[in-house]
Every structure is written in structure tokens, then in C-alpha cells.
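Order-wise, the sequence lines are chains A and B. Going from the first sequence to this note's numbering is simple: count from 1 and add 238. Going from the second sequence to this note's numbering is simple: count from 1 and add 3.
No lab work stands behind these hints, which were simulated from the structure alone. There's no promise every hint is true.
[As the list claims (entries may be wrong)] As a list, the in silico BS3-like pairs of lysine-lysine whose alpha-carbon atoms are at most 27 Å apart: (1) LYS143/B <-> LYS193/B; (2) LYS420/A <-> LYS193/B; (3) LYS246/B <-> LYS117/B; (4) LYS26/B <-> LYS193/B; (5) LYS243/B <-> LYS26/B; (6) LYS246/B <-> LYS420/A.
What you are looking at is a predicted structure, and each value in this text was computed from that prediction instead of being measured.
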Amino acid sequence: MKISRHRTQQIAKTIIWVAAFSTLGVMFLILYQVLREGLPLLHLQFFLGPPRQMGRTGGIFSTIVGTLVLTAVAVVIATPLGVGTAIFLREYTRESRVSRIIRFGTDCLAGVPSIIFGLFGFVFFVIFLKMGWSILSGGLTLATMILPTIICTAEEAIKSISYSLREVSYGLGATRWQTIRKVVLPNAFPGILTGVLLGVGRSVGETAAVILTAGSSFLMPDSLFSPIRTMAVHFYILAREGISMEMAYATGAALILLILAINTAANWLMYRYVHRG
Amino acid sequence: MENRFKVVIQNFEFHYGPVLALKDLNLSIRPNQIFAILGPARSGKTTLLKSLNRLNDLIFGTRHRGQVYIDGQEIFSEQMSLPELRRRVGMVFDLPTPLPMSIFDNVAYGPRLKGIGERSRLGEIVETSLTAAVLWDEVKDRLYSSALRLSGGQQQRLCIARMLALEPEIIMLDEPCSGLDPISTASIEKSLMSLKEKYTILLVPHNIQQASRVADRVGFFLGGELIEEGPSEEIFTRPKVKKTEDYISGRFG
């Protein structure tokens, strides 16, 4: 049977609409479920109080601190390394065996499940380097985990800058480093920020690798060598060990709000940057 | 090396990988003149310009043979500093290429790389350069707005100003008027005529009429070879080589 061109159009349109709306639908369903259960429990005392009775009551302040500090450590370590690697691949080497090996390596790492990074972090940072369950071990582990994403997005951002801009910069007497600093990096900034944000998202949401390397203590950390519990881990433990479904939902709702806040801040930063001058 | 020449090119050849772009070139260029490089597409014009400031070095797999001297100094020698060479030999490309920053920052880009940081000194350079490129009056009230918001003709004059801010000795323009309207073209030509008193100018004109309007001497290139070179009025009225005559009278190209 031959289907008319008009009919094909209609079918294609239907499929695309269904795809788009089921994606949106699933997203809203998840948000609705978590926020409906969690939002009513969110009040100031919950955000600012310490967890009590294993988290059955009390607040989540130390886990918020844990999440932010751990993510910050991961991003602060991974961003310069990742951007540096991307610059190396794009500006300092041509397509060569070395660059192909690095790219193949990062592509493979990007597909490795987080628990493997957790295991590596546990064996290497926690045991071998004797850092123990700590913010530092966890942050380093998360850094290795988000590194491939940052390299890949930064490289794409650098690649998309036109050759003529570089040529102009060299033509005006710039050295390679001056060209990178004044032309390449400023123009790649929005793309690099996107990669960092993806990294932030993965760090904030990670559980398995964090439990293995940063522990799950909900005491307030006092140095980079203290163990911590992140919000995601807190949520996991509350739900998994049946401590309190209510508090789990509340933590989940707070986590969603945190991610929303981070993304809003990043968008604002990007907007300010693009519309400067 | 005779002093009356600013640029002396001897037995120069240039390859992109296996492709020979310039063949056995011998050419000397005098200071304070406009030298027009004429020829159809792929005749080696841009290659010649980008060899003189060694921008071709950025491309992988290029090779050269022969010598190029600027003021008697071999530019391919070990001692030659590339940033220094590129400041002495300024270049404007065929398409306007403002950097995505303000007008002021575009013009101050080169001087800042040289280490000039004082606001007042930079301001002076920016004003002088923009004035020389006949752009100052149009942009003096919006120096800090983005250069990308200028029109095509203004952007190209900005590129000229940016190059002049380097205080070069030689300026090279690669079809600076392609894609510009006749009025912008006229104002660029006007600024060229006044610039030649201070500089040595190499121009790839975007058509034969432009060459005949502004050039003192003309070199005609074809397939990477210099076919004929001489004073402008000679080349345009009684060329010695048949190919030159054919090109100038519009029989090909």
C-alpha cells in the first residue's frame, strides 16, 4: 500500500509531538511527585537544622554544606585540568596519535559507570593515599568522573571558534598563549560553562561514588579531611533503609530546588557575559 | 642589498603540502609606494602576502625555499621574532574580521600585546589610528560598544585602524574592498593614498580598475608565477607580455 505524501507528513508530525510531550510529561510527573510530597515539609528549620535520630527528624543543613563543598572541590579540580587538556588538544597539537589516544581515553571514561570511579577512588585516594573517607577523596573522585565531560564540551567550544579570529590575533603580533588567553578562552567561555554545569549536575546527583569515597557521616565537616554526607546520599539512605520516606521526599525537593538555583545562576552569568559591552 | 628597496624577494617558492603555490619568485618593492598584486583566483596573491608576515607558518605542512629580506633582514632566519615581524608587516584580510570586543579594544589589541597599558597612551593611539583609517568621526561616541555592530565598510576600516595601531612599516591589504559598497570603497582608497607617504603598501585590489586608480607599480601573477612587473601606467597601457594584456583587457580572469 502506498501512503500519500500528505499522510507521511501527518504521521511524522504525530510521532514528533508524542515524543516531545511524553518527555515533558515524564519530567513533570517526577517533579510533581517529589515536590507534592516534599514541598510542604520544607521550612527554615529543615534547611538550617542538623539531622536528628539518623535523619528521622531535624534538618539537613550539614548535608547541604556537604553537597556544596564536595561539588566545589570536584569542579575546582576538574575545570582547569579539563580546559587545559582541551586547549592542548586543539591549540598545541595537530591531529596525531597522541591526541587520538587522549580523545579515545576520555570517550571511554565518559561511558564508565560511576560506581567504578567510586571503587577506584576508594582504592586509590581513600586507602592507598590514606586520605580516608573525606571531602578531598570524594572531590578528587568526582573530579575524575566529570573530567571527560568537561574536556569534551570545552574542546567542542574551542573548535567552533573560527580560524580567522586566531589568524587576526597572530597577525597583530600575539603569541600563541596571548591568542589563547585573549581570543580563544573568552569566546569559548559559554561552551566551557555548559560543560562545567553538566559536571555540577552529575556531582550533585551522585550517590554510589560518594558513599565509597566521602563516607556518609552527617556531622558538620571541619576540614577537607572530614567525611561528609551529601543530600543525594542522605536521600538514598533515608529511603533505602526505610528511616523516613517523608524526610526523603523533603530532601529530594530541596535537592531539586538547589539544582534549579544553580542553573538559574549559571544562566544569569551566561546572559551577563554574552550581553556585556 | 640595495637600500632603495624595502622588500627583496629572491628565488622564493612556497608549497602547501604537495601544492606549489608560488614559483621561483624574484621581486623587489620600493618604500612609500602602493604595489598592486594582480591576478586571477589561485594565482598566489594571498600566499605571497601571508609569506611576508609568516602567517602561513600557522598552516600545517607548508614549505618554502629562497629568501625574503625586509630592510636587508632575512625574515625566515632563526633570530626573527614572529610577533615582532607581524607588527612590522601589518595585514588586513579580505573579509572584515573584527574581534568580538569593543571598538576601542579592537584597536588597542596590538598595542596592549606590546605592553602598552596606560589608558591615556592607548586612547591617543586609538584616536590617531581611527582618524588615519577615516573612521574616527563615525565611531568616536561609541568606542566602547561592540565592534560587531558596525557596518561591513566600517568594520573593514576598523581592521585597517587596528593594523595601523601596530605602527607597522609595511601594510598589506588582501582585497580589502571585496563585499563593500562603492562609497566605502572610495573612502578606503582615499585613506590608502594618504597612507603611502608613511608606509610601504602591498595591495591585492579587488578589480583591475581599483589597481589602476591607486597603484604606483603592478605585478601580474598567474598560476603562482610573476608574469610581469612594472610601473602602473606601463602595465595598463602597454604590457609586454601577451597574458598580461589578455587579463587586463578582460579576456580571462
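Hints that the structure is at odds with (numbers, increasing): 2, 3, 4, 6
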